[in-house]
Each structure stands twice: as C-alpha cells, then as structure tokens.
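Novice: Take a look at the letters that make up each chain.
There are 2 protein chains.
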Amino acid sequence: MTKYSIGVDYGTQSGRAVLVEVGTGREVATAVKEYTHGVMDEYLPDGKTKLEHDWALQHPADYLEVLEITIPEVLTKAQVSAEDVIGLGIDFTACTVLPIDKNGTPLCFQPEYSSNPHSYVKLWKHHAAQDEANRLNEIAEERGEKFLSRYGGKISSEWMIPKVWQILNEAPEIYTGADQILEATDWVISQLTGEITRNSCTAGYKAIWHKQDGYPSNEFFKALDPRLENVVEEKLSTKIFPIGAKAGEITEKAAKLTGLKPGTAVAVANVDAHVAVPAVGITEPGKLLMIMGTSTCHILLGEEEKVVPGMCGVVEDGVIPGYMGYEAGQSCVGDHFEWFTENCVPQSYQEEADARGINIHQLLTEKASKLEVGESGLLALDWWNGNRSTLVDADLTGVLLGATLLTKPEEIYRALIEATAFGTRMIVETFRNNGVPVNEVFAAGGIAEKNRMMMQIYADVLNMDIKISASSQTPALGSAMFGAVAAGKDRGGYDTITDAAKDMGRVKDYIYQPIKANADSYQQLFNEYARLYDYFGRGENNVMKTLKKIKKESSLKKTEETVC
Amino acid sequence: MTKYSIGVDYGTQSGRAVLVEVGTGREVATAVKEYTHGVMDEYLPDGKTKLEHDWALQHPADYLEVLEITIPEVLTKAQVSAEDVIGLGIDFTACTVLPIDKNGTPLCFQPEYSSNPHSYVKLWKHHAAQDEANRLNEIAEERGEKFLSRYGGKISSEWMIPKVWQILNEAPEIYTGADQILEATDWVISQLTGEITRNSCTAGYKAIWHKQDGYPSNEFFKALDPRLENVVEEKLSTKIFPIGAKAGEITEKAAKLTGLKPGTAVAVANVDAHVAVPAVGITEPGKLLMIMGTSTCHILLGEEEKVVPGMCGVVEDGVIPGYMGYEAGQSCVGDHFEWFTENCVPQSYQEEADARGINIHQLLTEKASKLEVGESGLLALDWWNGNRSTLVDADLTGVLLGATLLTKPEEIYRALIEATAFGTRMIVETFRNNGVPVNEVFAAGGIAEKNRMMMQIYADVLNMDIKISASSQTPALGSAMFGAVAAGKDRGGYDTITDAAKDMGRVKDYIYQPIKANADSYQQLFNEYARLYDYFGRGENNVMKTLKKIKKESSLKKTEETVC
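One line per chain: the protein sequences are H and D, in this order.
With the first sequence counted from 1, adding 59 to any position gets you this note's numbering.
With the second sequence counted from 1, adding 59 to any position gets you this note's numbering.
Possibly wrong hints are sitting among the right ones.
If chains are identical, the list can't say which one is meant, so a pair holds when it fits in one copy or spans any two.
Claimed, not checked - Under the rule of at most 27 angstroms between Cα atoms (straight-line distance), these lysine-lysine pairs were calculated in the DSS-like manner:
#1 K92 with K184
#2 K467 with K426
#3 K617 with K467
#4 K607 with K213
#5 K467 with K298
#6 K109 with K62
#7 K610 with K429
#8 K315 with K109
#9 K575 with K294
#10 K610 with K548
#11 K611 with K365
#12 K608 with K429
#13 K467 with K611
#14 K608 with K346
Derived from the structure by calculation, the hints contain no laboratory data.
Here the structure is a predicted model, which is why all the values come from computation and not from measurement.
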C-alpha cells in the first residue's frame, strides 16, 4: 500500500503544502496559501499603528490558515486518504520569531497586546535590531567570546538575540509578558503536536546555541543588559531537539484543523534552505548545495567543526544528524538582476521584449548568451547588498569596472551574473582552504531551475559539474521526507533521513558541465576578481566605507535642511 | 563708421560663419552650411569604394561651399556691405589633413586619384593610423626623442605624422603624387589668399614642430621608414606662421567665391578650441579655458615651457603670441552622458520625460539636482573612453563604485558628471604641481552654456569660480577677432589679439561660485577618486589592461568560430 508524507514550506509571502509519495519522492499534489496579512512593514493589522523604518512583521494566524487550507486541499487534489499520510514536516524562513504566553498563545492574539508591534512575529528580514546587533558584537569581541568564530565573526541583526533584545529595549512589557520567545517554525510544530520542541537548526544557526557549549554564558548576557542575564532560562530553552527527530504526533485539535489523523507523526521543525539538502539526495560531506533565489544560501556538510572565516554558521546536527552543517550566503543574487532590470535597462530593450512577448530577463539572457567569456571586458564585485560570506560586511558596495562607450546592457547583466558566480567560487575556495572539502555542487531554487545560461556560467566559473534539484519545490519535498522519517520504518517511513534521501532525493538528468575553454578564461577573470575582492574587502582601500560615511553625513544634512 | 569681421568655424558636420562687430564683439549674423558629403566613414562619394573600419574622411569641396554660401548669407542677413568687413579668420577641427598637388589642388579633385580613399581629407577622428602611431611611439621611445615629453609621452594616431605615414604605407602613389600634405585649415586659408601659410598651432600640437627645435630629425624619420627621411622637406614645410599673424588678403578669385572685397585681411589659420581662448577674454597665463562638448579640451597659457606629465601638448605661440599654450583633454564628457541615456535609463524615466515634454537629460538633471553631495554613495572613474590627460592611456576603462540595491539612475548620472569634474581637477592639479599656475577657470561649449547643475558641480569640485563664455559660437567669435587683428589697427582692427580680446572677448554676468559645504564634501570624494585614479591608472593594478587583453582574445576566438 502506497504511503504519503506532507511537507509544508513557509515562505516570506505564502505557505505551500506538497503531498509526496514515500519511497519515490513523487510530488502528487501542491497547494499554496498567500498570507492574509502578507508582510507587515508599514502598519499593524489595525491600519493605524505605524511601523518604523526597517521593520518587517508577520501574523501567526496566517501560519495556521496555511495548515487549515493547504493540507485538506492536497489530500483532495491527490485523492489520498488521511489514513495513508504517515508524516508531516515543515520548514520556515529564519530567524523568524515571536513571543508567546505560557499557553503557547502568541501575545499578539491578546487584545491587551495587539496594538503593540513587538507582540507580532518579527520576520527574518526585520532589520530594526541593528543597534542591538552592533552592541552585541562589540561586547562579544571585547570579551573574546569564542562563539563569534562559528558565525564568521559577527552575529546578524536578523538573528534571535538582537531581536529579543530589541523587544526588551523597546517594549519591556512584551518581554515580561512573554513566557517564551521562539522561532515561528517551532511554534507551528507546537500547534500541531501540543508541545514545544525547539529544533537544533535554528537554535544553532540563529540563537548562538552549540551542542556541547550550549548558549553563551549568563555573564555574557548580563554584560549586554542586566535584565538579559537569565534570558535563556526565562525566555528560551535548553531542551533542543536534533534535526531528523520526531517532535510528536498530530493532536485531536490539530487533526480538526488539518484533516490529518490524530497520531500522524510530525517532524521537528526545520529551515527552508537546510531542509533542501536531503531533497537533492545529499546526506554526506563534500557536497555543496546552493539554494538560489533573491539571495543564495550555501549548505555544506563536514566531518569536523572547523573555523572557516566569514561563514554564516556551523552547527552540529544542524542539517543532517551526525555531521557538521556549514552555512554560507550571498546577500544579493536574484535581487541584483531585478535591480538591474528596474533601473538600468533602456526603453528600446523593453519594447523589443514586449514586441516579442518575452520578459526582460529572457531578452537580456538571450543577448548575453551570445557573448564569449571575457568579451564584454567587464568585471563586477557583487556587493550591491554587502557581502555576507566570506567578508561578513554589510557596508561593502557594488563595483562595475571596464565600461566603455560601447558597453551594452546585456554585457553589464552578464557581468553581474558572473560576479555572483565568482562570489560563490570565493566561498567554495574558502571552505577548501580551511579544511572543509567541496567535491560536488548542487543547486535548487527558481534560478537554478530556469536560467540555463547562469548555471552554465556557474559550472564554468567553479570548474565543477552542477546538478540541479529535480523538484521545483525542493524545501517542501525535504520537509515531507523529514515527515516520513518522523513516522519511522515501522509505519512505512524511514529510520533515518539518509535512507529517505536515497529513495526520495532527486536531481535532474541534465548536469551542467564546465566547458574547458570557458573555465580557463574564467580562471583569469576570477584572479582579477579575487584581487579586487581583497583590495576593497579587506581594508587595503576602505573607499566603500568612506563613501557610506559621507553618504550618512549628507543625509543628516538634508534632514536638517528639511527641518529648517 | 562701424567695422566688421567674419569668423568661420569648421566643425565635424558643418561650417558656420559669424559676422561680428569690431570693437564690441556683438554677433550680428550667423549662417550655417552642413557639409554636402558629411563625414565619409563607409564609402567614397562614388558610392562604391568601401572604407575600412576606423576611417573618417571629408571632402575639401565642402569647405569651399561653406565659404561660398555662409559669407554672402551673413552679409545679407546683417545688411552689412563687404566694404565694411575688414578681416576674416577661420578655425578648424584638427588634426584634419589632405594631400595637394603643386597648384594647391587636392588630389581627390583629380580623376586619376578620386577613387583612392587616401586622396581625401583625413578627419581628426580618422583612427586607422593606430599601427603607425604605435610604431612611431616605440621608435621615439627607443631613441629617447625628447619631443615625447612635450606631448605627454605619446603621439596620437589622430595626428599628422601617423596619418602621413599611413598614406605612404597604403597608397605610396598618393604620397608620391602629393606636393604637400597639410592641415585643412591651412589649405582653406591658401584658397582665400593664394598662398600657403602653415600655422604654428597645428604645426606645434599636431605635427611635432617646435619653435626652437623644429621638427624631429631626419634620422628619426628615417628610423620610422627610409622613405620618410626627407618628409619635412618633401611634404611638410619649415615656414611656420605664428598665430595672430596675417596670412594674406582675399584674392580676386576668393572675392568672387565669398562676396568679400579683394584685399580684405585674412588671419593665419587656427584651431577651434585654441581660437576660443581670446573669445572669452583670456590673453594671459593662469586662466584655464574648458571647451566642453562630447569631449573636453583644456587650454592654458604659461610663461615658460614646463614638462607637465600627461598633457596633450605645449606649443610656444600656439594659442596667444608670446606665451606657451598648454593643451590637455578629457576624451569622454558629453559622450559619457549620451552613452548613459542610451544604455542605462529605464523605460519609466523615458515615459516620465515624454509625458512632461522634456528630454531625458533634463529629467535626469532635475532629479540629480535634488541630491546632496555624497548622498548617492557612488564614485566613478570617468574612463569610458580611456584617459587622455594626465595618464594618456586609451586602454583604461570606466569604473562605477558604491552601487547598492537602492541606487537610482539619476544617482549614476550625477556620479558620471562628478567623475568628469574630478578628472578636470586632476588636470588642474597636475598643471599646478608642475609649475604652471591655474588661477581662474572659464568654460565654453554647449554643456557650459546649458547645464547649470554640471557647472555648479565643477565649481564645487574645483573650488574655483567658473566664468562662462557669453557667445554660443565662441570659436567663430575668436576667429573673427583674429580677422580683426589681421586687418590691423590702421584699417579699423587691432594690432594684437590681446587688444582685440579686451574689447571683444566676453563672458556672461553669472559666475558659478563654489558653495563651501559642497566643496568640502567634494574634497573628501576627490581624495578617494585620486586614490583609485592612481591605483588603476598608474600600474599598481592593471586589471583594465588584463580585461582588454582577455577581451581581445575572446573576440579572436569568436572570429575563428564564425570562420569555422
């Protein structure tokens, strides 16, 4: 009898359920629910309470709606009985956090708090805790906290502790009123199973937790703010569940919500990029997965915990049990090309695309495909949104070099694509140079699926084969696989994610292979890229920071003028 | 009785006559004639003989048509009798050269030569003698020819000797058939006066002639090519007339052509940028004139001959008799902004401009004007067309640095404008640092007249006042002034160009003055510009040359593929 598992992938704008056949990984049905409240970055749901610059919130009710609508829908579409669904897994954006009371109810559900922005979910891209992050990094550095090296030397403003600290600073009543502050992904699992099981992935990558060392010390937290001294005991938890474990089973209440049977196995919560790893069949070291979208996230398994400068994090059991999970990232990939098409493509190109009924990316790609490697004479540094790895510096900015009066838009477009490929290569080399092998490359995400030119450029620049995820919903597939592992072999699932990945993880037949002549030319271009990368990125010429400083001063001047 | 003088300005696409009131400089009438043959860069007038890449020719008959049509037209328009016109001066693009026979007739007028491209006028922007220029520079350097230092270390492919050598190499029959090879500006004067009077300006700036040292030695020319050993004696002339002298008088034949009276004084020929100097009232050292168009030409007078690294040339009496005339240049100014609007401005901006009935430059300028200095965070190196001064390196390319996902088109536009201003400041500082003072700045040309934001930026970047030519036809006014000098005081004109400039040279009342706060901010930005300028321009990082080399190889590869 065929068994099924469901994976639910919570993105930035919507949630998506995929019903997957256990044993093959075949995706039988999909359903999507846009979040009713979307991303709240201007007003609270009351339409009156204005949010400050850099805020980004979500409403936890939307997460429950996703379960309520998409799970019944995939069951109906697939004509599969809930009896045959053995497991459920979810993955989420991270670090996306919310405060809850002792009953597990989000504070924003309560009328007394619902007008307070801090009672809502702080989405991953909520950037208003930058001051707290800066202060945290200063203090950690002063104190010589060794955890810094696991995170490339810097804790991001997007992560748990800065966000918690911001709540304390700006809304102490919310901080006090919260029984716990936790990842949304863990909260959703608690709504399915009736108990809170924090996962090791977000704890490790986002909350500075370490399997052996635990969280930073209470002394450290006290040094941040005396009120934070016992934050771990008071608001977080030291009970962390490894990825691949079972969180619990669907409760009666959750069964009513989802249409699943009570007792259906539920996996420990997970994160979108990380859960994609087994979905392409990776369960061992040396295989790098790039999840390519507006930004790119790189996940790599290793045998040992190495200090790799400028990585986002390394977490034991953070991706696949038994291995170190390394994470790196590029903060500007798809976003880069979007910026370019919105700001730099002339009317004549837009008209040509319109006349031919193709979109502007297709037109630019078509034109850029006709260029030889190096033909444009252009070289770019892909820092339009700073550098996440290996320099971990948000103040770095983009460079385009080599322009002439004959430079064409498609040449710049291609140079930007190449720059992101060089950025990836820099990450790969940094791993290798620090004792973490990279032998194979896999890619998932919209760009990997659609842009053949770009993937060929990556293969040529990396001088490695690139395999592409067979699923267009890789994270949801990965979550379903973890659901099948939560069910276990006895109930028709798997004992381990490694077993599940063997059967259900899939890549496409077509493999991008480097073209030797291109790889040789790109080697030359990469040498130049690397030199500029070091020159501008490692302090020899801090012009980008100087420009940012001047920019800041000029903005202040403008504000003053406006006030006068 | 009011007297008049006529200036004729020969541009790239047309010739323009202006009739000017002596004593006031008032421009009474103007007439323009587009060249019948325009710029010939694809075919000869026969419509069959195809020209190679990088060729640019003109037809000398067009120059005579300009005289024939525009001079009578200004007389008629102004209702001025030819009796009251005391002098005529002309200025020209340079180096623009042609071969003539011993009667002064262009070889292209003769049927036996008219199908040979080398019999026509080689326009200043004819770039097909690059191989000859490269070879010339190599040999001059090997031999330690000291003339190189007067020309920033390099002779341009646009100049006289490479063009003459190209004729010899590719069409020895034209070389042999030519009695002389001379500047078009000198040839036109010969058609007016009946005798050839080569001018010191083009001889000095374009033909490697020096007031004391003369031309390079016959040994040098022999080293280039044994057939060139006696090129000076055979095809050029050592009889060079200083700027400001009288070339002769209108002949009977020229009187018939132009409607002027026989005996009207004619000035020695001149060059467009150089003749503009007295037209803004400059007749003494320390005052820099920028002639701003697609590119910018800088002219400055000095007391002594100094070696200023990377300048276009220094010629005694080359601009104003009695002074050293220094020339520098920026190869990409208006061209820069044109490239930007054609390749980098999004449809939405074009639509906004269209809807408001303004052109895209006006829209971008309006938006860019609202930015504070430094607000964009951008910095550019203005090398989209190489660097003419002070690095004299056509292989340098453009850089844009500081881009983010919030960078807007008007910010890039402004950064490009600022980059050209920084480039000018670099030239000003180079003059100063090498003992040639720059105390005042003047500007002429379309950009200086129209773009207030740009001129204010220049004033702020240079931290100096900028005065703007009052004439929108500055070169023609200057030529008319030289015409009045050729006539002399006795005939109602002037004894010297200095006297003429006092009465007739004019600038606008509005002077651009630096705004202190902006100048301070620009000082910081200029420091960063200067550092990048040196880093990329002086060999520390030759990435631009490496990219050009790779580009060349990839073009070869493409050609091979196409052939296969």
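Novice: The structure should be examined with respect to each hint, and the outcome stated for every one.
Specialist: Comparing the hints with the structure gives:
1. K92 with K184: Intra 20 angstroms, inter 63 angstroms, cutoff 27 angstroms: intra-copy only.
2. K467 with K426: both (10 angstroms within a copy, 24 angstroms between copies)
3. K617 with K467: between (35 angstroms within a copy, 18 angstroms between copies)
4. K607 with K213: within (20 angstroms within a copy, 38 angstroms between copies)
5. K467 with K298: Classified as neither: same-chain Cα gap 57 angstroms, cross-chain 48 angstroms, threshold 27 angstroms.
6. K109 with K62: Classified as neither: same-chain Cα gap 48 angstroms, cross-chain 75 angstroms, threshold 27 angstroms.
7. K610 with K429: between (38 angstroms within a copy, 14 angstroms between copies)
8. K315 with K109: neither (36 angstroms within a copy, 82 angstroms between copies)
9. K575 with K294: Classified as neither: same-chain Cα gap 55 angstroms, cross-chain 54 angstroms, threshold 27 angstroms.
10. K610 with K548: Neither: 60 angstroms inside a chain and 58 angstroms across chains, both beyond 27 angstroms.
11. K611 with K365: Answer is neither: 38 angstroms inside a copy and 43 angstroms across each miss the 27 angstroms cutoff.
12. K608 with K429: Intra 40 angstroms, inter 19 angstroms, cutoff 27 angstroms: inter-copy only.
13. K467 with K611: Between copies only: 17 angstroms across, 32 angstroms inside.
14. K608 with K346: neither (40 angstroms within a copy, 35 angstroms between copies)
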